[in-house]
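Go by the hints and put chain R onto chain A.
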Amino acid sequence: MAERKRRIGFAGCPPESVLAPRRGAELIDLDNLVGGVEPRSESLLPRTTCRIIRRILDNALSLDLDEIIVDEGYGKCDSARGLAGVLEQLLDIPVIRTQNENGEGAGTPISDSNLPLFRKMELILDGLVNPRELNLTPESNPPAAIWGVPAADLSIYELFPDGTQVLGWTRCLENRTPSNWELETYVPGEVPTVFFAQTFCPKNIIAQQLARERDGLHVDVDAVLSQPVRAKIEAFLHFRNVRN
Amino acid sequence: MALLGDFGTTWTKLLDTETGQRWVLPTREAAARGRRADIATGHNARRWAPRHINELIALAQGGQRLIDESEFLLLDVGSRDIKYVRMRDGELLGMDWTATCGALTGFTLELLGSYYGIDYSRVPPTDKSVPVTCGILGMEQLFDLVSRGVSETEAVARFARGIAMNAYRFVGEPEQFYLSGGMCENRLFQRSFPDRAEVRPLGRFVLVEGLLPELQGASPQSAPAAEDISDGT
Chain A
172 MAERKRRIGF
182 AGCPPESVLA
192 PRRGAELIDL
202 DNLVGGVEPR
212 SESLLPRTTC
222 RIIRRILDNA
232 LSLDLDEIIV
242 DEGYGKCDSA
252 RGLAGVLEQL
262 LDIPVIRTQN
272 ENGEGAGTPI
282 SDSNLPLFRK
292 MELILDGLVN
302 PRELNLTPES
312 NPPAAIWGVP
322 AADLSIYELF
332 PDGTQVLGWT
342 RCLENRTPSN
352 WELETYVPGE
362 VPTVFFAQTF
372 CPKNIIAQQL
382 ARERDGLHVD
392 VDAVLSQPVR
402 AKIEAFLHFR
412 NVRN
Chain R
698 MALLGDFGTT
708 WTKLLDTETG
718 QRWVLPTREA
728 AARGRRADIA
738 TGHNARRWAP
748 RHINELIALA
758 QGGQRLIDES
768 EFLLLDVGSR
778 DIKYVRMRDG
788 ELLGMDWTAT
798 CGALTGFTLE
808 LLGSYYGIDY
818 SRVPPTDKSV
828 PVTCGILGME
838 QLFDLVSRGV
848 SETEAVARFA
858 RGIAMNAYRF
868 VGEPEQFYLS
878 GGMCENRLFQ
888 RSFPDRAEVR
898 PLGRFVLVEG
908 LLPELQGASP
918 QSAPAAEDIS
928 DGT
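These protein sequences, in sequence, are chains A and R.
When you read off a place in the first sequence, starting at 1, and then add 171, the result is the number in my numbering.
When you read off a place in the second sequence, starting at 1, and then add 697, the result is the number in my numbering.
The following block holds chain A by itself, in its conformation from the complex (with noise of 0.2 Å):
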């Protein structure tokens, strides 16, 4: 019987240094949703953690991992660098703290494409374990634009137009630069502008702001987009004249 390939898990944007020596290994992003995970987090974290976080540990707990990375460097939260300690105690594998300091950019292609929303967001979240070279063609006049970290419920990029633009930590991710707080706070002039973050999430507070400063929408999603989120969202896109 063949052996199974080394499961190797990992949480955040790692350094490609990271990365690169165990892409033999079957590498799985915990920040995705992997299907028929159980949620089994619940008992175990703060009723006041994000459900990105929830996730990380759902998977972790469930895949049978033989390693974990966590990026707990600047560009991820208080929360991931305390669930590494978290990792640590509820498994026997080891779990390797990491920090993507990375400043040079691997650009932002699919960000700016003229791609649908939701498939871009695809393409991003898959882009850490399959890297590929993609011809893309970028949206000269995006119709609105998206600030924010990836949301857990995916179905929220289906509200937006193709060529939308992505901005935020999102971008960041795209870019491997989770930790350029100058690129997570470009927003572009006149594009109406959603600002996103999970629900408990603290980039809430610079999601607000910005909305603030920019005349956006801030909105905050737990697990499943509700209809109030929803209807906030179209409503917002509806009164700036941009349509899906």
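Heads up, a few of these hints could be off.
As the list claims (entries may be wrong) - What follows is a set of in silico ranges between Cβ atoms, one per label pair, in the way DEER data are often shown:
no., chain 1, residue 1, chain 2, residue 2, range
1, A, ASN312, R, ARG743, 24 to 34 Å
2, R, LEU834, A, ARG268, 34 to 44 Å
3, A, LEU215, R, LEU834, 25 to 35 Å
4, R, ARG744, A, THR370, 19 to 29 Å
Stated by the list, open to error - Examples of chain A residues lying across from chain R (beta carbon under 7 Å, computed):
no., residue
5, ALA196
6, ALA402
7, GLU405
8, ALA406
9, HIS409
10, PHE410
Since the hints were made in silico from the structure, they are not lab data.
Yeah, the Cβ is synthetic: ideal placement off N, Cα and C, and Gly gets one too.
Relative to chain A, chain R alone:
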């Protein structure tokens, strides 16, 4: 001719655009009779019309049609949630919608009225309030008051005050605002806002009114006969 509907959590409001006839009926009855509209809004809209407009857009558009001012704040308090829009010259300046804090408060007030047999038009408002973060928690406080000897009528008045204060803070404590939704018809609730606030009720058809600009391009369903629908107005 078209039939427009606001299919709320507990009440459905229908408008026949040809005759101008309006109906209010419990949503469970609308569902039981299979009522369909051409364009709808509200919590249950997706079930009952081929075209759905979200409540915030309908509220804003309804306000624009009914309010003859370039700038206004319109608060909608229904049975399940509270929401508001602030408009200026057709631009959406602000909005919010909460279905968590404030959840089910209107529905709970309606339930309490039926349970205690209270005629809200006869209950005097009070400046004491129950902290109403949601309908269920508010009801728990209310029953505590009753168990401590406060009259049922007074306890319900404090509950209404709690909902009103919650809603008032939610919209930023303005000097004047417009009110829509089912709670518009509750006299006690209307009078439970602080004295410094001027409340201008618009009735419960504001969201339906907000569907009228959407009529272009709709393919009409057959309207129900008037006698076929119980008139709750």
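Hint check results:
Taking the beta carbon of each, ASN312 of chain A and ARG743 of chain R are about 32 Å apart, inside 24 to 34 Å as hinted. Taking 34 to 44 Å as the suggested C-beta distance range, the pair LEU834 of chain R and ARG268 of chain A conforms, at roughly 42 Å. Restraint check, LEU215 of chain A to LEU834 of chain R: a C-beta distance of roughly 27 Å satisfies the suggested window 25 to 35 Å. For ARG744 of chain R and THR370 of chain A, the hinted distance range of 19 to 29 Å is satisfied, since their beta carbons lie about 28 Å from each other.
Hint on ALA196 of chain A is violated. Least Cβ distance to chain R is approximately 42 Å, over the 7 Å limit. With a cut of 7 Å, the hint placing ALA402 of chain A at the interface with chain R holds, because the nearest CB-to-CB distance is about 4 Å. The interface hint given for GLU405 of chain A holds, since its Cβ lies 5 Å from the closest Cβ of chain R, which is under the 7 Å cut-off. Taking 7 Å as the C-beta contact cut-off toward chain R, the hint placing ALA406 of chain A at the interface holds, the least distance being around 4 Å.
Because the smallest distance between the Cβ of HIS409 of chain A and any Cβ of chain R comes to about 5 Å, under 7 Å, the interface hint for this residue holds. The interface hint given for PHE410 of chain A holds, since its Cβ lies 4 Å from the closest Cβ of chain R, which is under the 7 Å cut-off.
Violation of the numbered hints given earlier is confined to hint 5; every other hint is satisfied by the structure.
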